[in-house]
Amino acid sequence: MTGTSGEKSTDSSGSRKLRIALLPKIKGISYFSSCFKGAEEAAKELGVELIYDGPTDGDPRKQAEMIEQWTIDGVDVICVAPNAPDVVAGAMKEARAAGISVITWDADGTTESRSFFVNQASARAIGEGLVNTMLQDLGPETEGDVVIISADATSANQNAWIEAMKPALGKSKLNLATIKYPGENASNALADGQDVISKYPNLKGIFGISSVSFPGAAEAVEQSGKGGQVLVTGLSTPNDMKKFVHNGTVRSVVLWNTVDLGYLTIHVAKALAAGELKDGAASIKAGRLGELSIVGDNVMLGDIMVFTKANIDQYDF
Amino acid sequence: MSRSQTPTIGHDSNTVRLSVRFARLIRHREVGLLLLITLTSVVVGIKDIHFLSFEVWRDILVRCAPTAIVACGVMLVVVTGEIDISVGSLMALLAAVMGRMISENELDLSCWIGIPATLCLGTLIGVCTGSLVSLGRVPSIIVTLGLLTALRGLTTLMMGGENIDRLPEGLTQLAKQGLFGVPISILTAVGVIGLTSVLIHHIPLGRRLYALGSSAESARMAGLSEVRLKLFVFGYTGFLTALATIVDVPRLPKIESGIGSEFELLVVTCVVVGGVAISGGQGRLIGVLLAVVLMTMIRPVLTFIDIGEAGEKWTRAIQGMFILLAVVTDSFFSRRQRGSEKEHAA
Chain S
-15 MTGTSGEKST DSSGSRKLRI ALLPKIKGIS YFSSCFKGAE EAAKELGVEL IYDGPTDGDP
45 RKQAEMIEQW TIDGVDVICV APNAPDVVAG AMKEARAAGI SVITWDADGT TESRSFFVNQ
105 ASARAIGEGL VNTMLQDLGP ETEGDVVIIS ADATSANQNA WIEAMKPALG KSKLNLATIK
165 YPGENASNAL ADGQDVISKY PNLKGIFGIS SVSFPGAAEA VEQSGKGGQV LVTGLSTPND
225 MKKFVHNGTV RSVVLWNTVD LGYLTIHVAK ALAAGELKDG AASIKAGRLG ELSIVGDNVM
285 LGDIMVFTKA NIDQYDF
Chain E
95 MSRSQTPTIG HDSNTVRLSV RFARLIRHRE VGLLLLITLT SVVVGIKDIH FLSFEVWRDI
155 LVRCAPTAIV ACGVMLVVVT GEIDISVGSL MALLAAVMGR MISENELDLS CWIGIPATLC
215 LGTLIGVCTG SLVSLGRVPS IIVTLGLLTA LRGLTTLMMG GENIDRLPEG LTQLAKQGLF
275 GVPISILTAV GVIGLTSVLI HHIPLGRRLY ALGSSAESAR MAGLSEVRLK LFVFGYTGFL
335 TALATIVDVP RLPKIESGIG SEFELLVVTC VVVGGVAISG GQGRLIGVLL AVVLMTMIRP
395 VLTFIDIGEA GEKWTRAIQG MFILLAVVTD SFFSRRQRGS EKEHAA
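Residue numbers (the numbering used here), protein chains in the order written: chain S, -15 to 301; chain E, 95 to 440.
Chain S with its partners taken away, still in its complex shape (with noise of 0.2 Å):
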């Protein structure tokens, strides 16, 4: 495996560009928009050419319609978010069959309609980190209610990490009372969060795990003025929530960097249509992240991470 400066001399002297489709669930949130700045820098980085589109509303059907118009311009890589596995599978197989390298990055797709999945954190770190961050913030002998609101019911990454809280509450004096889904809809995420502040007199603390429910429960537990009684915590980017940092409705914000993440997807990308990254490998160079372990077809980001009040302004997405 050859270093990133020597890749892009050799690739400068050939023939044509890379050509490398970033597909993200949602365009147009910060989230994704925050990706792919790093996809971005990654490709001026290595030389290659980035095309960057996906649906505004988050619908899988786009997703698979946009997948099969790449096959079609026969570009070099696909890398998928898939909203939902099963629907864009289809066109993702085609892809491959095509001859196309496809992988997924920030959610997983099914294992044959990809070579690699880019993982931001395994289940397990979000899960416990979310769960211990908590703890951490109110302390670990806490007793009461907790809720999570999650997005969709259908919505594999937030339904995974669940999973992975689930058993972290078990161990500690935590009650998980209910999970809630309003969707990507920020109005249904404040409704959520005001119903369960009224229903739940004893509630200690809310989990907000997607960038539209995290920000509302927030803004639920502030309006409501229960900032200090209800601690939110969750999974949102750190320029939405910085105000709530600041005035204590929220201790921490976990996410990992959603900058390094698009980083990283455009430099698999790029290692696989190279023939640099062969099924089995066990670690991969990454510009500017060093090198990256792979477990079995997961490439791994690293840790996550955790914004509080003492570090949060010194990131800017």
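Certain hints may be false.
[Said to hold, decoys possible] Pairs of lysine to aspartate or glutamate, EDC-like flavour, derived with a Cα cap of 20 Å:
{"hint": "1", "chain 1": "S", "residue 1": "Lys155", "chain 2": "S", "residue 2": "Asp136"}
{"hint": "2", "chain 1": "S", "residue 1": "Lys227", "chain 2": "E", "residue 2": "Asp400"}
{"hint": "3", "chain 1": "S", "residue 1": "Lys150", "chain 2": "E", "residue 2": "Glu406"}
{"hint": "4", "chain 1": "S", "residue 1": "Lys77", "chain 2": "S", "residue 2": "Glu96"}
{"hint": "5", "chain 1": "E", "residue 1": "Lys407", "chain 2": "S", "residue 2": "Glu260"}
{"hint": "6", "chain 1": "E", "residue 1": "Lys407", "chain 2": "S", "residue 2": "Asp136"}
{"hint": "7", "chain 1": "S", "residue 1": "Lys226", "chain 2": "E", "residue 2": "Glu406"}
{"hint": "8", "chain 1": "S", "residue 1": "Lys226", "chain 2": "S", "residue 2": "Asp121"}
{"hint": "9", "chain 1": "S", "residue 1": "Lys150", "chain 2": "S", "residue 2": "Asp136"}
{"hint": "10", "chain 1": "S", "residue 1": "Lys155", "chain 2": "S", "residue 2": "Asp121"}
{"hint": "11", "chain 1": "S", "residue 1": "Lys28", "chain 2": "S", "residue 2": "Asp43"}
{"hint": "12", "chain 1": "S", "residue 1": "Lys226", "chain 2": "E", "residue 2": "Glu356"}
{"hint": "13", "chain 1": "E", "residue 1": "Lys407", "chain 2": "S", "residue 2": "Glu147"}
{"hint": "14", "chain 1": "S", "residue 1": "Lys227", "chain 2": "E", "residue 2": "Glu256"}
{"hint": "15", "chain 1": "S", "residue 1": "Lys28", "chain 2": "S", "residue 2": "Glu260"}
{"hint": "16", "chain 1": "S", "residue 1": "Lys1", "chain 2": "S", "residue 2": "Asp57"}
{"hint": "17", "chain 1": "S", "residue 1": "Lys210", "chain 2": "S", "residue 2": "Asp136"}
{"hint": "18", "chain 1": "S", "residue 1": "Lys46", "chain 2": "E", "residue 2": "Glu356"}
{"hint": "19", "chain 1": "S", "residue 1": "Lys150", "chain 2": "E", "residue 2": "Glu263"}
{"hint": "20", "chain 1": "S", "residue 1": "Lys21", "chain 2": "E", "residue 2": "Glu256"}
{"hint": "21", "chain 1": "S", "residue 1": "Lys226", "chain 2": "E", "residue 2": "Asp400"}
{"hint": "22", "chain 1": "S", "residue 1": "Lys150", "chain 2": "E", "residue 2": "Asp400"}
For the record, the hints were derived by calculation from the structure and aren't laboratory data.
Since the structure of chain S is already known, use the hints to place chain E on it.
Coordinates of chain E only, in the frame set by chain S:
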């Protein structure tokens, strides 16, 4: 009850008789909705007394406000025999435009410029929709279906993948805490409901809208301008959508491109469940408002009856069943009413 196809000399008295019979029937439709609201509240209240608290109902009414405001407009659109399914996307676009203008991180213009501009833009888009429908003779379902996608796309472009926050403190305070403890969206909804009610009952315009909806042909013969009336209802809906955006969106933590998604479906559902005939010409505001309360109640009701983890995954299906239940209850009451009328006749 079909619309009269052949206008005759006796048409006017015919319409009057029909409308009297419908008024009677529709009164029961509203009784049905009110019963459903009350029954549900009592049952859920027995299960969990917190549901009947002041806080819960204040939250529910605040959530009702934008739906009620926009439903006042969409109801009149449906009364004239048309439909508007673009209000959710219009709300998103207006929120984006408003945010770009008045957010402290963006242009940071004064609210005195940003708010009237948002109202003007909403009204303008509504009038454009109305002119495509009335002058361009394109069916309103097609025009607004196109706008549903186009306006959402435009919003995504405008937002450029970023969220907008930091709206002026004064505006967010009015939306969250309100004037004398009453959120501004509720005050606005009360005003809009009053205005719409006056419009329907006390000025000729209202009667003309109903006349146009019951029979476009005879309305034309009576010398009513179809174009002007349709420009009005779509323009009014655009204006009200802007108003709802201004009073409700500052309540949310941020403006993102997904704002208002499925709002159009909620509004149309309320209008239909509220008893407005989709073929035009009939429908009362009070029915629509009751339907707004009923539809908005569903989410908190599901939280308070605690349907369990598996049940939560069925939220959408249960919401759908609730709508069906409302419609079935309606038609049950209507049929009974019709039956008793027949007995009277016999």
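The hints, checked one at a time:
1. With a CA separation close to 26 Å, the supplied pair Lys155 of chain S and Asp136 of chain S exceeds the 20 Å bound.
2. A hinted pair counts as satisfied when its Cα atoms are at most 20 Å apart, and Lys227 of chain S with Asp400 of chain E does not qualify at roughly 32 Å.
3. Between Lys150 of chain S and Glu406 of chain E, the direct Cα distance comes to roughly 16 Å. Compliance with the 20 Å bound is thereby established for this hinted pair.
4. The hinted pair formed by Lys77 of chain S and Glu96 of chain S meets the criterion: a straight-line CA distance of about 7 Å does not exceed 20 Å.
5. The hinted pair formed by Lys407 of chain E and Glu260 of chain S fails the criterion: a straight-line CA distance of about 43 Å is larger than 20 Å.
6. Restraint check for Lys407 of chain E and Asp136 of chain S: satisfied, since their Cα atoms lie roughly 8 Å apart, inside the 20 Å limit.
7. For the given pair, Lys226 of chain S sits about 30 Å from Glu406 of chain E by alpha-carbon distance, which is inconsistent with the 20 Å threshold.
8. Proximity of Lys226 of chain S to Asp121 of chain S is assessed by CA-CA distance (about 17 Å); at most 20 Å being required, the pair is judged to hold.
9. With a C-alpha separation of about 18 Å, the suggested pair Lys150 of chain S and Asp136 of chain S falls inside the 20 Å cut-off, and the hint holds.
10. The hinted pair formed by Lys155 of chain S and Asp121 of chain S meets the criterion: a straight-line CA distance of about 16 Å does not exceed 20 Å.
11. Between Lys28 of chain S and Asp43 of chain S the alpha-carbon distance is near 29 Å, which puts this suggested pair outside the 20 Å criterion.
12. Distance restraint check for Lys226 of chain S and Glu356 of chain E: the Cα-Cα separation of roughly 28 Å exceeds the 20 Å cut-off, and the hinted pair is therefore not satisfied.
13. Between the alpha carbons of Lys407 of chain E and Glu147 of chain S the distance comes to roughly 15 Å, so the proposed pair stays at or under 20 Å and holds.
14. For the hint linking Lys227 of chain S to Glu256 of chain E, the alpha-carbon distance of about 16 Å falls within 20 Å, and the restraint holds.
15. Taking the CA atoms of Lys28 of chain S and Glu260 of chain S, the gap is near 19 Å; set against the 20 Å cutoff, the hint holds.
16. The hinted pair formed by Lys1 of chain S and Asp57 of chain S meets the criterion: a straight-line CA distance of about 14 Å does not exceed 20 Å.
17. Under the criterion of a C-alpha separation no larger than 20 Å, the hint pairing Lys210 of chain S with Asp136 of chain S is inconsistent with the structure, at around 26 Å.
18. For the given pair, Lys46 of chain S sits about 18 Å from Glu356 of chain E by alpha-carbon distance, which is consistent with the 20 Å threshold.
19. In summary, the hint linking Lys150 of chain S to Glu263 of chain E is not supported, as the alpha carbons are separated by about 39 Å, beyond the 20 Å threshold.
20. With a C-alpha separation of about 12 Å, the suggested pairing of Lys21 of chain S with Glu256 of chain E holds against the 20 Å cut-off.
21. At roughly 32 Å between alpha-carbon atoms, Lys226 of chain S and Asp400 of chain E are farther apart than 20 Å, so this suggested pair is violated.
22. The suggested pairing of Lys150 of chain S with Asp400 of chain E holds, with an alpha-carbon distance near 18 Å, which does not exceed 20 Å.
Against the hints set out earlier in the document, violations occur for numbers 1, 2, 5, 7, 11, 12, 17, 19, 21.
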